[in-house]
Structures are given as structure tokens and as C-alpha cells.
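In order, the protein sequence lines correspond to chains A and B.
Sequential numbering from 1 applies to the first sequence in our numbering.
Sequential numbering from 1 applies to the second sequence in our numbering.
Some clues are possibly wrong.
[What the hints assert, rightly or not] Listed below are several chain A residues computed to face chain B (Cβ distance under 7 Å; list not exhaustive):
# : residue
1 : E24
2 : M31
3 : G55
4 : V60
5 : C64
6 : F67
[To be verified] Below 20 Å or equal to it, Euclidean Cα-Cα: the simulated DMTMM-like pairs (lysine to aspartate or glutamate) are:
#  : chain 1 : residue 1 : chain 2 : residue 2
7  : B       : K17       : B       : D35
8  : B       : K82       : A       : D438
9  : A       : K424      : A       : D438
10 : B       : K75       : A       : D30
11 : B       : K82       : B       : E45
12 : A       : K659      : A       : E593
13 : B       : K75       : A       : D22
14 : B       : K82       : A       : E70
15 : B       : K75       : A       : E593
[Stated by the list, open to error] Simulated restraints on C-beta separations:
#  : chain 1 : residue 1 : chain 2 : residue 2 : range
16 : B       : G22       : A       : M35       : 17 to 23 Å
17 : B       : V67       : A       : M35       : 15 to 21 Å
18 : A       : V445      : B       : A81       : 44 to 50 Å
19 : B       : A81       : A       : E70       : 17 to 23 Å
Hint data in this document are derived by calculation from the structure and do not stem from the laboratory.
A quick note: this is a predicted structure, and the numbers were derived from the prediction, not measured.
Note that CB positions come from ideal geometry on N, CA and C, so glycine has one too.
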Amino acid sequence: MKRPPRLPPSLHGPRRVEQEVDAELAFHVDMTMQMLAAQGMTAEAARAEAVRRFGDMAVVSAECRRFGRERDRSRSRAEYLAEVRQDLGFAIRQLARARGFAATAAGTLALGIGATVAVFSALYAVALQPLPFTDSDRVVQIVAQRGGRTEDIFSSGEFAAIRERKDAFAHVAAVTGGGFTLTGMGAPELIGGTLVTADYFRVLGVGPLLGRGFLASDDIPGAPHVVLMSHRLWTSRFASDTSLVGRTIRLDDEPHTVIGVLPPAFDATGTDDELWAPRQLTTAQLTSNSGRWLRIVARLAPGASMDRAASAAGTAMQSLAARTPGVTQNVGAIVRRYIDGVAGAPRERLLVLFGAVVLVLLIACVNVANLLLARSTVRARELAIRAALGAGRGRLVRQLLVESLVLSLAAAAAGVIVAFGLVKALVILGPADTPRLDQARVNGVALAFTLGLGLASSLLVGLVPALRSAPRSLQSTLRDGGRGTAGGSQRDGLRAVLVAAEVALAMTLLIGAGLLIRSAWLLQRVDPGFRAERVVTARVLLPAARYREAAHIARTFIRIREAALQVPGVQQAALVSVVPLAGGILGTRIASEGRQLAPDERLPVDIRYASPGYFAAMGMPLRDGRDFAREDDTTAAPVAVISGSLARTLWRGERAVGKRIDAMQVEHGKPNWITVVGVVADVHNAALNEPAKPTLYMPFTQTPEGMWRATGRSLVLVARTTPAPESIVRALQQAVMTVDPLLPLVDVNTMQNLVSESMATARFNTLLLSTLGALALVLASVGVYGVVAYYVSQRTREIGVHMALGATPGDIWRLVLKRGLRPIVWGVIVGVALSLATARVLRGQLYGVSTQDPATLAAVAATLLGVAVVATFVPALRAIRVTPARALASD
Amino acid sequence: MPATDRLHGTLDALVLKALTFGPRHGFGILRWIADRTADVVQVEEGSLYPALYRMERDGWLEATWGVTDQGRRAKFYTITAKGRRRLDSETRDLAAFIAAIAPVLLPAWSDR
Numbered sequence: 001m002k003r004p005p006r007l008p009p010s011l012h013g014p015r016r017v018e019q020e021v022d023a024e025l026a027f028h029v030d031m032t033m034q035m036l037a038a039q040g041m042t043a044e045a046a047r048a049e050a051v052r053r054f055g056d057m058a059v060v061s062a063e064c065r066r067f068g069r070e071r072d073r074s075r076s077r078a079e080y081l082a083e084v085r086q087d088l089g090f091a092i093r094q095l096a097r098a099r100g101f102a103a104t105a106a107g108t109l110a111l112g113i114g115a116t117v118a119v120f121s122a123l124y125a126v127a128l129q130p131l132p133f134t135d136s137d138r139v140v141q142i143v144a145q146r147g148g149r150t151e152d153i154f155s156s157g158e159f160a161a162i163r164e165r166k167d168a169f170a171h172v173a174a175v176t177g178g179g180f181t182l183t184g185m186g187a188p189e190l191i192g193g194t195l196v197t198a199d200y201f202r203v204l205g206v207g208p209l210l211g212r213g214f215l216a217s218d219d220i221p222g223a224p225h226v227v228l229m230s231h232r233l234w235t236s237r238f239a240s241d242t243s244l245v246g247r248t249i250r251l252d253d254e255p256h257t258v259i260g261v262l263p264p265a266f267d268a269t270g271t272d273d274e275l276w277a278p279r280q281l282t283t284a285q286l287t288s289n290s291g292r293w294l295r296i297v298a299r300l301a302p303g304a305s306m307d308r309a310a311s312a313a314g315t316a317m318q319s320l321a322a323r324t325p326g327v328t329q330n331v332g333a334i335v336r337r338y339i340d341g342v343a344g345a346p347r348e349r350l351l352v353l354f355g356a357v358v359l360v361l362l363i364a365c366v367n368v369a370n371l372l373l374a375r376s377t378v379r380a381r382e383l384a385i386r387a388a389l390g391a392g393r394g395r396l397v398r399q400l401l402v403e404s405l406v407l408s409l410a411a412a413a414a415g416v417i418v419a420f421g422l423v424k425a426l427v428i429l430g431p432a433d434t435p436r437l438d439q440a441r442v443n444g445v446a447l448a449f450t451l452g453l454g455l456a457s458s459l460l461v462g463l464v465p466a467l468r469s470a471p472r473s474l475q476s477t478l479r480d481g482g483r484g485t486a487g488g489s490q491r492d493g494l495r496a497v498l499v500a501a502e503v504a505l506a507m508t509l510l511i512g513a514g515l516l517i518r519s520a521w522l523l524q525r526v527d528p529g530f531r532a533e534r535v536v537t538a539r540v541l542l543p544a545a546r547y548r549e550a551a552h553i554a555r556t557f558i559r560i561r562e563a564a565l566q567v568p569g570v571q572q573a574a575l576v577s578v579v580p581l582a583g584g585i586l587g588t589r590i591a592s593e594g595r596q597l598a599p600d601e602r603l604p605v606d607i608r609y610a611s612p613g614y615f616a617a618m619g620m621p622l623r624d625g626r627d628f629a630r631e632d633d634t635t636a637a638p639v640a641v642i643s644g645s646l647a648r649t650l651w652r653g654e655r656a657v658g659k660r661i662d663a664m665q666v667e668h669g670k671p672n673w674i675t676v677v678g679v680v681a682d683v684h685n686a687a688l689n690e691p692a693k694p695t696l697y698m699p700f701t702q703t704p705e706g707m708w709r710a711t712g713r714s715l716v717l718v719a720r721t722t723p724a725p726e727s728i729v730r731a732l733q734q735a736v737m738t739v740d741p742l743l744p745l746v747d748v749n750t751m752q753n754l755v756s757e758s759m760a761t762a763r764f765n766t767l768l769l770s771t772l773g774a775l776a777l778v779l780a781s782v783g784v785y786g787v788v789a790y791y792v793s794q795r796t797r798e799i800g801v802h803m804a805l806g807a808t809p810g811d812i813w814r815l816v817l818k819r820g821l822r823p824i825v826w827g828v829i830v831g832v833a834l835s836l837a838t839a840r841v842l843r844g845q846l847y848g849v850s851t852q853d854p855a856t857l858a859a860v861a862a863t864l865l866g867v868a869v870v871a872t873f874v875p876a877l878r879a880i881r882v883t884p885a886r887a888l889a890s891d
Numbered sequence: 001m002p003a004t005d006r007l008h009g010t011l012d013a014l015v016l017k018a019l020t021f022g023p024r025h026g027f028g029i030l031r032w033i034a035d036r037t038a039d040v041v042q043v044e045e046g047s048l049y050p051a052l053y054r055m056e057r058d059g060w061l062e063a064t065w066g067v068t069d070q071g072r073r074a075k076f077y078t079i080t081a082k083g084r085r086r087l088d089s090e091t092r093d094l095a096a097f098i099a100a101i102a103p104v105l106l107p108a109w110s111d112r
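Take the sequences, apply the hints, and build the full model.
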């Protein structure tokens with residue numbers, strides 16, 4: 001496009017259009033006047049006539065000014081666009097010419113951007129994207145606070161009381177865990193599921209894809225058995241058969257009518273549930289405040305805040321507690337978003353990871369900024385010439401910024417490709433129990449985020465170099481630039497600061513990685529309290545329909561254990577309610593003989609029911625006393641084996657065997673004395689990184705009837721084997737089927753697998769953070785190398801003079817090393833401060849090591865310094881080889 | 001086509017035509033039109049100058065400040081390529097307009 005010509009300088013300025021119009025119209029009047037005068041008018045008459053002919057000068061000039069201003073506006077817009085186009089074309093040509101530089105810089109940024117986008121995609125899928133519920137941010141979970149502790153279970157009376165608070169909650173539903181044994185379709189199969197009150201799906205705001213949801217009538221005790229099914233189960237197990245709705249399937253040996261199928265989106269809510277049946281509560285239960293077993297979810301009433309909901313639920317609980325003797329009055333409620341319960345812990349880990357990749361990206365940005373700065377030195381002459389040809393400083397800054405923008409956007413585009421690959425890897429390698437991780441995609445949100453990152457990094461990498469390199473005054477540039485040392489020592493200083501920043505960021509990241517590595521190492525060495533090798537575990541569930549009486553259940557399990565003991569290769573077989581590390585813990589509160597305790601002061605303990613031989617099968621050393629025996633049944637006095645830590649807590653310095661504890665009261669306030677017959681080693685039951693909790697073991701043959709209901713009439717068969725444990729699973733299943741051919745073995749696992757699974761998340765995080773730390777280390781050492789190499793190349797002449805004047809190679813060595821090490825030392829110091837300030841975020845993921853572990857700090861600092869020394873080594877070697885003759889020739 | 005547009009278009013066409021013979025200032029354009037039409041068409045200053053600024057805005061004209069034969073500073077207009085295209089289409093429209101109304105209003109003229 002042809003450029004419009006510029007107006008003369010005298011007419012530039014804020015009043016340009018006004019002056020232009022005035023001058024032009026005045027000229028016209030003058031010319032008319034001259035013409036009239038030439039025709040014989042007097043000067044005065046001619047002027048009057050000229051003005052008269054013109055008409056209303058003010059109106060005409062106003063109209064001209066309006067058009068003039070519009071003209072100027074569109075002209076400056078066009079000029080600006082043309083300039084930007086010019087800058088873009090120039091930037092692309094420049095970068096194409098310096099291909100090596102452009103590829104290095106864009107590649108570095110692409111790695112950083114790609115990693116950041118990948119982690120962002122995972123974070124978005126797991127923690128940020130809303131759940132597929134109607135107004136999902138109104139769905140909450142209620143958590144109880146009792147005597148300063150929090151727990152997520154409530155009594156059925158509390159549930160009923162909270163449900164009454166219509167002012168705070170639109171819908172309230174209770175949930176109990178469990179599962180169903182599906183029979184009548186080949187081998188019996190355990191399918192995950194929950195019992196929920198009828199309002200559950202109204203709380204979540206999810207309607208069925210097929211059929212109907214739960215109705216209030218389904219909640220009434222004695223109502224026909226109905227069940228809702230997940231889309232996943234419907235497609236995988238029932239071939240998406242629409243006629244299934246209305247038909248019956250056998251669950252836990254009882255016919256259940258399938259009333260509906262949920263939409264596919266509901267599969268993606270981070271639970272393994274496939275079936276939902278109504279949790280029917282009797283009137284007696286709805287008024288009882290004893291026994292806490294229900295989790296509560298709710299939908300906030302329109303306009304109700306989380307705080308108001310929490311206080312409403314708390315008030316409901318308090319007024320119920322006031323009417324119930326023997327329970328603590330110190331109760332309250334916390335309300336948290338439902339998604340926080342689904343994604344809380346993984347979100348924290350992902351945020352740490354996100355912080356780490358952002359650090360890597362920052363380091364990459366600093367590296368590229370350093371590259372740009374080095375390049376601008378090379379380009380000083382070009383910039384000086386452009387300045388001499390009339391390009392303003394603003395124009396040159398913009399030109400340089402456009403270059404870094406082109407660079408960053410190219411990097412962002414490449415970063416998207418990197419991110420696609422990394423997200424796939426994250427989904428495959430990530431811990432299997434991270435909810436919704438499998439939904440991680442580089443989606444529109446992630447792409448928008450990438451664009452934002454690209455723009456932000458273009459400013460980060462470009463702004464300082466652009467401001468620094470654009471010549472401030474022509475004279476100094478030509479003076480300096482003419483000799484190819486533009487910026488001089490000032491620019492060296494800036495580069496040193498950038499390197500220090502880079503080292504500080506890398507240091508922070510490496511300390512985080514170091515702390516996690518140390519945690520993983522310590523975790524590996526934790527004695528779990530049992531021997532995991534060659535132990536196979538499998539759960540056996542007795543269906544309620546055929547196993548009702550406690551005695552019948554106990555007898556069946558005794559026969560199952562005996563059958564298992566007969567399997568060749570089985571050294572020891574036993575039964576337990578829950579194996580270590582498998583979750584699903586039951587707890588109670590106990591007191592010891594001779595101590596009067598209020599209900600709140602009783603000691604919380606984990607309880608496990610076991611058969612004789614369990615400690616031997618699990619490889620748990622018996623410290624004192626005896627194992628359970630066949631004779632410890634309902635006809636005998638109740639006995640217990642306790643963990644070492646419980647023995648120490650209750651009777652420090654005394655022998656625990658023979659003492660009595662009060663636990664599992666059948667009738668409130670009436671002690672139920674149990675005699676301790678043995679003490680067994682502590683076991684990390686919940687997780688290896690959590691301390692062993694005081695544990696109470698009781699013989700399953702003395703299990704109260706209520707406990708069988710709570711555990712779903714199930715026990716875990718534990719077998720210690722001579723051959724590999726996997727090889728005898730089939731034989732064990734056959735042994736169980738000799739007792740009852742309809743009993744499935746579910747959750748078959750090995751203890752070794754449970755141990756490694758319990759460390760999988762920690763190991764994965766450690767792996768990721770270590771990889772990022774290594775990347776940071778490489779980037780930082782490249783930065784250090786660059787600065788020192790540049791220093792040497794710029795000082796060749798100076799070094800030559802030093803050498804000519806008698807400096808030894810040792811002197812030169814020290815000079816260069818000092819130059820290289822100074823920013824590194826500063827970086828290390830700042831990095832230590834930075835990590836002391838930020839390592840707190842890691843606290844939840846560390847084991848056995850403090851966030852300020854001096855050994856880790858020292859090791860990381862030493863590593864960084866070592867790498868930095870190596871990075872300065874090569875350029876320093878070059879400096880020593882400088883001869884005076886070569887140095888002088890270099891100018 | 002509304003009459004005002006026709007009028008507008010005719011003024012634009014006259015101004016553009018004036019400039020096809022070389023750069024002129026506003027007064028010069030006015031004189032050129034008066035001379036060529038033997039003073040029949042009297043373009044008013046109040047119409048001319050806003051038209052000039054409008055056409056400059058639209059990129060049909062370009063302006064430069066120069067010096068007249070008498071040594072006075074004046075704003076000279078030149079026609080752009082876009083302006084020439086506009087002149088062509090304006091002329092064609094005008095011809096079509098005249099061809100359309102001439103048989104109605106000027107039967108004698110069309111007979112000729």
C-alpha cells in the first residue's frame with residue numbers, strides 16, 4: 001500500500017487539523033479577494049464579497065475538521081498496522097537467518113511451555129473442571145467435628161436432624177459404602193456400589209438416562225428392592241440392552257429390579273460405583289443418635305452460603321446431642337465442596353507439580369532472555385544503524401519485542417505438540433487412583449492457557465533485553481557498538497543477575513526434588529511390621545440372603561480357613577477383617593481397667609477381627625502372650641491381642657497380657673471387659689508414611705452380630721505360600737467353592753503389590769520432580785556456561801594483555817572462575833532462602849524429613865556448585881590458551 | 001438513487017475530473033469547474049471544502065502543501081488510483097442517469 005504523504009512539520013501537533021483547515025480556508029478567501037480586486041473592486045469591498053460568498057465559515061470549517069480528524073485517525077491506524085506488519089516480517093526474516101539461535105531458544109521455551117501445559121491439563125481434569133452435576137458448586141459434603149476431631153460419618157439421627165434444615169439445604173442424602181455380589185450371570189462377581197437415600201441424585205442434580213430415579217417410596221423399609229446402574233456397567237456387562245430396565249438382576253442373592261441407567265457423564269465423577277440401591281432407614285433409626293455410619297451429601301438451598309449451611313447443620317447436631325445422654329456436646333459441622341472431597345489430595349500434589357513446571361518454564365525464560373541479550377550484542381551495530389536512520393527508541397524496543405513474541409508463539413505452538421505427548425504419558429504413568437486423571441486432554445482451556453503462557457513468556461524473555469539493547473543515545477551506541485562491545489560491563493552485570501536468578505530457581509526445584517527423593521528412600525526402608533513376600537489375599541463375602549445368623553457365618557469362615565489350609569503350597573492360612581494398606585478401617589474407643597474415663601477421653605483404636613494363625617500368615621512377630629485359639633468363641637471369655645504401641649500407651653512399663661480393657665460395649669455405659677492375651681508388633685495399617693496406629697485384634701469367632709452387618713459379612717483370606725502367591729489363587733478359589741460353590745474371591749491381591757501400590761504415588765511424584773529438577777539443572781548449567789563463555793570471548797584482548805604482562809595460567813584461571821562463580825554463589829544463597837520459604841507446600845508429601853533438611857540443602861548446593869564449576873571449566877580452558885598475539889589479532 | 005446522492009456524486013465527479021489534469025488547490029478546482037461550465041455550475045465553497053476533506057479521508061485524494069506561482073503556501077490535491085476508479089464509476093452512473101431521464105424530460109434532446 002502506498003503511504004500517504006506526510007504534512008509539513010509546521011502543521012504537526014495537537015491542533016494539526018484545526019490549523020490546516022484554517023490555513024486552507026483563509027487562502028481561499030484571499031484568492032477570491034484578489035480575483036475580485038483584479039476585476040476592479042476596492043480591497044475592502046472585495047474582502048466583504050469574498051467572505052459573503054463563502055457563506056457560514058464556522059459551519060464549513062467544523063465539517064472539514066470532522067472529516068480531517070477521521071482521516072488522521074484511520075491514517076495512524078493504518079500506519080501502525082503497516083509498521084507492525086513490517087516488524088513481523090522483519091522479525092521472521094531475522095529469526096530465519098539465525099536458525100541455530102531461533103531453534104535453541106524456541107526449543108527451550110517449547111519444553112517449558114509443553115510441560116506446563118501438560119501439568120495444567122492434568123490439574124484441570126482432576127481438580128478444576130466442574131463435575132457433571134447441575135450447579136455442581138452447590139453440592140457439598142458435610143463433615144462432623146466432635147471434640148476437636150473431624151470425621152465424615154454421622155448417626156442416622158443426626159442425618160434426619162440435618163435434613164430438616166430446609167433453610168440451608170435443598171436436599172440432603174445419606175450414603176453408606178459397600179458393594180454387591182452379582183450372581184446368576186456366570187461366575188459370581190463383586191461390583192462396587194453404594195446404598196443411598198432417595199434424594200441422592202437430587203442432591204447431585206443428575207437424572208437417569210433411561211428409566212426413573214429413586215422415589216421417596218423406595219426409601220420406606222420393606223419396599224421392593226430396586227437398583228440404579230451406571231452407564232459403564234450397563235454397556236460393559238449388559239451390552240447396552242434398553243430392555244434391562246424393569247427386569248431383575250440378582251444382587252447379594254436377592255432379586256433387584258433395575259429401574260434406570262445413569263448418563264455416561266456420571267461415570268466420570270471419580271468413583272468406582274456402578275450400582276446404587278436405596279438406603280432404607282427405619283423410624284427408630286431416624287431418631288437414634290448412637291452409632292455413626294452415614295456419610296452425608298447435600299445441595300445448598302438457593303441463596304444459602306457454605307457458612308450458613310455449616311452453622312445450620314452444627315445447630316441441628318447440637319440440639320440432638322443435648323437430648324442424647326452420654327455423647328459429647330462439643331459437636332459441630334464443616335461444609336466443603338463435594339469436588340474437594342473427590343480431588344482434594346491429588347489437587348495438592350498436582351499443584352506442587354504445577355509449581356515445579358512453572359519454575360522450569362521460568363528457568364527456560366531466563367535462559368532465552370540471556371540468549372537474546374547475547375544476540376543483541378552481536379546486533380548492536382545493526383540497531384545503531386537503524387537508530388541512525390531515524391528509528392525511534394520506542395520503535396526499536398517494539399521491533400525487539402515483536403521478535404521475542406514471534407519466538408514465543410512459535411515455541412507455544414511446538415509446546416502444544418510436546419504437551420499432547422506428555423499428557424498421554426501422565427495419564428498412563430500417573431497413579432491409578434487419581435480420580436479423573438484419565439480425562440486429561442489438551443483441550444480448549446489448555447490451548448487458551450498455552451497462548452497466555454506464550455504471551456507472558458515473550459514479555460519475560462523479551463522485555464529486559466529489548467529495553468537494554470535498544471540504543472538510548474546514538475552517540476554512545478556508535479562509540480561502543482563500533483567496537484563490537486556494546487553494553488559493556490553493564491550488560492555483563494545484567495547477564496550475571498539472570499544467571500543468579502536461574503540458579504536460584506533451579507536450586508528451589510532441586511531442593512524440592514531432593515526432599516521427595518529422601519522421603520521415598522526413607523519410606524522404602526520403613527519396616528511395615530509384617531513380611532509382605534509370598535502372601536496372597538482375597539476377600540470372601542457371604543450373601544445376606546443365605547447367611548443371616550452370626551453363628552452360621554462364623555462356622556462357614558472356619559470351614560473356609562480349613563479348606564484353604566489343605567491347599568498344597570499354603571504354609572499358613574488365616575482370616576482377617578481388613579489387611580494392612582488396603583483401607584477400610586473400623587475404629588472404636590476403649591478404656592483400660594482401673595481408669596474412669598469420660599466418653600471423649602476414651603482412646604481411639606483401630607479394630608480388626610482375625611482368625612488363629614493370622615499373625616503367622618502375615619509375618620507379624622508376637623511379642624508376648626499367645627495367638628488366638630479355636631477355643632476363643634462366643635462361649636468363652638472375650639479375648640484380644642493388642643499392638644505394641646497400644647500396650648505401651650495403656651500400661652507403660654507393665655506387662656499387658658492378663659490386663660483387661662473395656663471395648664465394644666453392647667449396652668451404652670455398661671463395660672464390656674476383654675482380656676488381653678497377647679501383644680503383637682505394630683503395623684503401618686493405613687499407609688507406610690503414616691505412623692502405626694494403636695490396634696485392637698479380636699477373634700472373629702467373638703464378633704458381635706452388628707459387626708457382621710457393618711463388614712458386609714466378609715473377611716479376607718490371607719495365605720502365606722511356598723511357591724509364588726499368584727500360582728495358587730485358582731486352587732484357593734476351588735477350596736472356597738468346596739464350602740459354597742457360589743462364593744467369589746474378590747479383590748485378589750498380594751501383600752507385595754499392596755506395598756508397592758502404597759508407594760506408587762510417592763514414587764511417581766518423586767520421579768516427576770526429579771526429572772524436572774534434572775531439566776532445571778541442565779538449563780541452569782547451560783546458562784552458566786553461556787555467560788562465562790561470553791565473558792571469555794569478550795575479554796580475549798584483556799586476557800592477552802594480562803598474559804603479556806606476565807600473568808600465569810593460574811591467575812587467568814582464577815579470574816575466569818571468579819567471574820563464573822560469583823553469580824552462582826549468589827543464586828545458591830537466594831535459592832536456599834526461596835526454598836526455605838516455599839518448601840512448606842511439600843509438607844504433606846514428605847516422610848521422615850523436615851522441609852528444611854540441612855543434608856538435602858547441602859547436597860543440592862554442592863551439586864549445583866559442582867555442575868557450575870564444570871560449566872565454567874570449558875571456557876576457562878579456552879581463556880588459558882589465549883596467546884597475546886592472538887588476542888591482539890582478535891580486535 | 002436519491003437526488004441528494006446524485007448531487008453529491010456529481011460534485012465528487014467534477015472535483016475528481018478537475019484533478020485528472022494535475023494537482024490543484026481548492027480555489028483552483030473551483031475556477032476550473034466554473035471555466036469549463038462557462039459559469040453555469042457554481043460550486044459553493046461551503047460544499048467544496050467538506051467534500052475535499054471527505055474524499056481525502058476516503059483515500060480518493062491526497063494532499064500536499066506546496067507553493068503557488070505567486071509564492072503562497074497552499075494545499076494541493078492530487079487524485080489517487082482509488083479516486084480514478086471512483087471517477088469512472090461516477091461517470092458511468094451519471095451517464096446511465098441521464099440516459100434514463102433524458103427521454104422523459106427532454107424528448108426533443110433525445111430526438112436529436
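Take a look at whether the Cβ-Cβ distance between A81(B) and E70(A) falls inside 17 to 23 Å.
The hinted range 17 to 23 Å holds for A81(B) and E70(A), with Cβ atoms some 21 Å apart.
Take a quick look at whether K75(B) and D22(A) sit within 20 Å of each other, Cα to Cα.
This hinted pair holds, its Cα atoms lying about 11 Å apart.
Going by Cβ atoms only, is V60(A) closer than 7 Å to chain B?
Check passed: Cβ of V60(A) comes within 5 Å of chain B, closer than 7 Å.
Given the hinted pair K17(B) and D35(B), is their Cα-Cα distance within 20 Å?
Given pair K17(B), D35(B) holds - Cα atoms ~13 Å apart, limit 20 Å.
Honestly, do V67(B) and M35(A) meet the 15 to 21 Å range at C-beta?
19 Å, holds
Decide if the proposed pair is consistent with the structure: K82(B) and D438(A), CA atoms, cutoff 20 Å inclusive.
59 Å, violated
Within a Cα-Cα threshold of 20 Å, do K659(A) and E593(A) meet the stated pairing?
7 Å, holds
Within 20 Å, alpha carbon to alpha carbon, are K75(B) and D30(A)?
14 Å, holds
Identify whether the interface hint at G55(A) stands, where standing means a beta carbon of chain B within less than 7 Å of its own.
4 Å, holds
Restraint outcome when C64(A) is required to lie within 7 Å of chain B by C-beta distance
Holds, because the Cβ-Cβ distance from C64(A) to chain B comes to roughly 5 Å (cut-off 7 Å).
Could you see if the CB distance from G22(B) to M35(A) stays within 17 to 23 Å?
20 Å, holds
Can you confirm whether the C-alpha distance between K82(B) and E70(A) stays at or below 20 Å?
Given pair K82(B), E70(A) holds - Cα atoms ~18 Å apart, limit 20 Å.
In summary, the structure is inconsistent with hints 8, 11, 15 from the numbered list given earlier, while agreeing with the others.
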